[in-house]
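> Please model the entire structure based on the sequences and the hints provided.
Chain by chain, the residues run as shown.
2 protein chains.
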Amino acid sequence: MKIALAQLNYHIGNFESNTAKIIDHIKIARKNGADLVVFAELCVCGYPSRDFLEFDEFIELCETSAQKIAAECTDIACIIGLPTPNDKNEGKELFNSAYFIENGKVKAIAHKALLPNYDIFDEYRYFEPSTEFSCIDFKGHRIALTICEDLWNTIENPLYVTRPMDILIEEKPDVMINIAASPFAYNHDEERIEILSDNAKRYNLPLLYVNNIGAQTELIFDGGSLVFDNTGKLIDEMPYFEESIAYYNLNEKATITFEHPSTLRKEKQSDIEQIHRGIILGIRDYFYKSGFKQAILGLSGGIDSAVVCALAAEALGPENVMAVLLPSRFSSDHSIKDAEDLVKNLGCMHETIAIKDITNAFEATLSPQFKGLPFNIAEENIQSRSRAVLLMAMCNKFGYILLNTSNKSEAAVGYGTLYGDMCGGISVIGDVYKTQVFELARHINKDREIIPENSIIKPPSAELRPNQKDTDSLPEYDVLDKIIAEYVEGRSSSATIIKMGYDEKTVRRVIRLVNLAEHKRYQTPPILRVSPKAFGMGRRMPIVGKYLS
Amino acid sequence: MKIALAQLNYHIGNFESNTAKIIDHIKIARKNGADLVVFAELCVCGYPSRDFLEFDEFIELCETSAQKIAAECTDIACIIGLPTPNDKNEGKELFNSAYFIENGKVKAIAHKALLPNYDIFDEYRYFEPSTEFSCIDFKGHRIALTICEDLWNTIENPLYVTRPMDILIEEKPDVMINIAASPFAYNHDEERIEILSDNAKRYNLPLLYVNNIGAQTELIFDGGSLVFDNTGKLIDEMPYFEESIAYYNLNEKATITFEHPSTLRKEKQSDIEQIHRGIILGIRDYFYKSGFKQAILGLSGGIDSAVVCALAAEALGPENVMAVLLPSRFSSDHSIKDAEDLVKNLGCMHETIAIKDITNAFEATLSPQFKGLPFNIAEENIQSRSRAVLLMAMCNKFGYILLNTSNKSEAAVGYGTLYGDMCGGISVIGDVYKTQVFELARHINKDREIIPENSIIKPPSAELRPNQKDTDSLPEYDVLDKIIAEYVEGRSSSATIIKMGYDEKTVRRVIRLVNLAEHKRYQTPPILRVSPKAFGMGRRMPIVGKYLS
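From first to last, the protein sequence lines are chains A and B. So for the first sequence, full-length UniProt numbering puts the first residue at 1; every next one is plus one. So for the second sequence, full-length UniProt numbering puts the first residue at 1; every next one is plus one.
There could be a bad hint or two in this list.
Part of the chain A face toward chain B, derived, beta carbon under 7 Å [unchecked claim]:
#1 F55
#2 Y124
#3 S290
#4 K293
#5 I382
Calculated directly from the structure, the hints in this document are not laboratory data. Ideal placement from N, C-alpha and C gives every residue a C-beta, glycine not left out.
Structure, rendered in structure tokens:
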């Protein structure tokens, strides 16, 4: 039996394009002699469709699409994922399901049993867990079909009290197929391989695993579909961050062979390389799927906006990126020169708009109210917000989307101006620590200097007052980033972090800043998620409370 | 046996103040001869503590507080709610639990079985559902103790496949106690009474129900704890929107009597009266719990900002409200006069800051880029955003929190400027439709004219271009609000709404606008929730997708 694995980029709620893409790949698979073609979890509607799953019409459109797909499968079988109604009068209204389609009809349905409901996942919000399992017979093979998290219950640390494969294995399947929507984080590829390998070994069965690819606003899916033999050995790995279809022969003794050159990665990609590829896909899909072409951003001469500009130029083409220099009286000459050099290196569009007259007008207008009071954060923020108003005016006039250039370290401690530099349609590096931004800049420059060396080596500064440096208000970034990671990703208490050897006063101050910035982060753009714990939908904190410190 | 029900206002993560408040009320209950005092769900840490529940330290602090409370209970019993670790090595790490404390010790623990995971609820994110249930014997009575949602599984439309009371009833309890954190919506009080009454009748047992009160950022808890006899008759109702303690005698035949004058409401409060009280509590707790005192807002002369100003003055005192008139060249004379009249009626602080010089500076600065292009939404938004920069500068200089004045109709269709009038720390009327804002204004004016009649009767306008009216771009609000409600709250498709008799073109346009505004709503402040379906944490939609229409 020849099985095609199709890892494709779906568009949430775009039934027309998703259905057309699935049918196209059924035709391709047929032409290549496949008996069965396997698509990813919830491919019909896209993952995550979120509260659109609560609309009856949305669920009906899923079924209509599935019927169109079934009509195409007269001489080839396929597996597709879609939400289906729970007909019992109890529990949630839907299942997260897989259709096994053969001879133009739905021959079998598998429902997901283990529903992730942590970090960015909300599956209990919509779905009832399945309690019934059975294998599917096809062409002399018996398939144990499961959906993503169904294989994610580890022996050491079981997240769930049941394990669907423990039930399915009693029917003596000779192969496992798992369809998934497993979002990207720079370390998640290795975790996936480990958990899936463990399943293949535990059940002594080969395993074919199909993942989604493509970005859905903040969530990036990296593909990298996987094939294991019954010893748990990874025998093939489909490409990461791109659409692909590949063919595998399931032989009589349930061994797997394939004819194409193996795409197994020779070595693990570095974290930064993965982050780079993830962000490029994230930007591209955000623009493509929302029907926009051109980005705008403010270029300060600093490293963050330089990196975002370079990434945007790579993702959208430099001709679609408008970089705006917005110097104030505090902008240093080298900053302006660094920004100009970057624009030259990239070949993107650019404008220079000085903000002096505007900030003067704000200060003059407010002089009756601010009379006698010293320059402080109010005036600093006026600069940042004036820039945002200018950039948004350009968006409104010309149809750009503003890219946010805040990094994760700033987002964590609230080192940014709400309605100022925290604006944007999408945050490009909001899940990348400042120390990683430096690495990313070096990575972008690996073949030629794109980001001016000076932007990389000079001390970071917001340039909102004379001679300001980030380290005036914050610890050095190498210390700051580690404390933030311990608190945000490790969920460690200040006591624990202090015990690790960090300065007590610094730790307490950083954690306090992280907590106090919740109200700011609540109003920031969606952040492209590249780490296991990004700010946004995967981290849900109270705004008004008294916090740990 | 005398049972005290204590409905109190907790502060998330403020273990010190929550514990002190609980202990104070144990002392008060003891002084009043109570045998048992019952506090609300998760009272120890506050509800919803959200992802703080993922911090080990947070859970340890809950247990430490519980032990302090237990030490106080040497001669009185109490029931408190807190998260507790799940000791089994499978499933989620926590239970949502109730401690029954007697003789200074935890005598029994009940875990919640039915975990709401819809709308604003995320309980499966943290908690494992309980599968074991047993009653608690105390002073000759047998108590069936459950937690909130445990009683929420209706016969007609069961949300869950189990029903804890069906198991507990086999131990022949003579009373039910339920501790809850049931958030306010203007129609939720009646639903609660109906469901709880149904439980009392079904199990033929009296029922004492203790709810939380107080606002936690966007979520408002309205109290209104309830006592039913075994026929399902509501025999007492504690006050709404305020802290309270009340005493009930559970007699030998499990009948309930009480000595205080009944606080059973003679008639249902109107929706608008409830919304009014809910918002006042919401504003007050937002400021109090975040340690701020003073609010600022922009006053346009229109009804929305007038209503918000009046509500803020009531919640915080007029001396703590700064109303800023920010006229532009498009502001009409009557708008300025209406705003001035309001300020006079309320006696709040006020400033007038004309934005002309600032918008002129923006337009002059952008003239090279905008040369030859007509005035459009770019210039309109510059006005709105200039006002936001001014208001935020006042916040930064003087320590105000900016109140957002958008209503639900605007929030729905995106009729507002991101980083302009959509700014603010908290959205006061973002869950109140424009048609309800008019009702709210009338309600506020019921004793004397606070909101100038002219603000109520004139046609709504954003005044961002000459002679602009909302109805230039939007349908009449009475039609618009109904279509939005059908789509957002009813989750009806356009086809269904059109079948109800609404104009097809209007319906499709409104739904399209609602969908397109997702990216704006993502970045708006938390919205005080007063309806069963508010924008914010209870409605989670994709931003980039192709939508229903």
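> Would you mind marking each hint as holding or not holding in the structure?
Cross-check of the supplied hints:
1. Of the supplied interface hints, the one on F55 (chain A) holds, with its beta-carbon coming within about 5 Å of a beta-carbon of chain B, less than 7 Å.
2. A cut of 7 Å between beta carbons decides the hint on Y124 (chain A): the least distance to chain B is about 4 Å, and the hint holds.
3. The restraint placing S290 (chain A) at the interface with chain B holds, with a minimum CB-CB distance near 5 Å, inside the 7 Å limit.
4. A least Cβ separation of about 14 Å between K293 (chain A) and chain B goes past the 7 Å threshold, and the interface hint is therefore violated.
5. For I382 (chain A), the interface hint holds, the least distance from its beta-carbon to any beta-carbon of chain B being 6 Å, beneath 7 Å.
Checked against the numbered hints given earlier, this structure breaks only hint 4.
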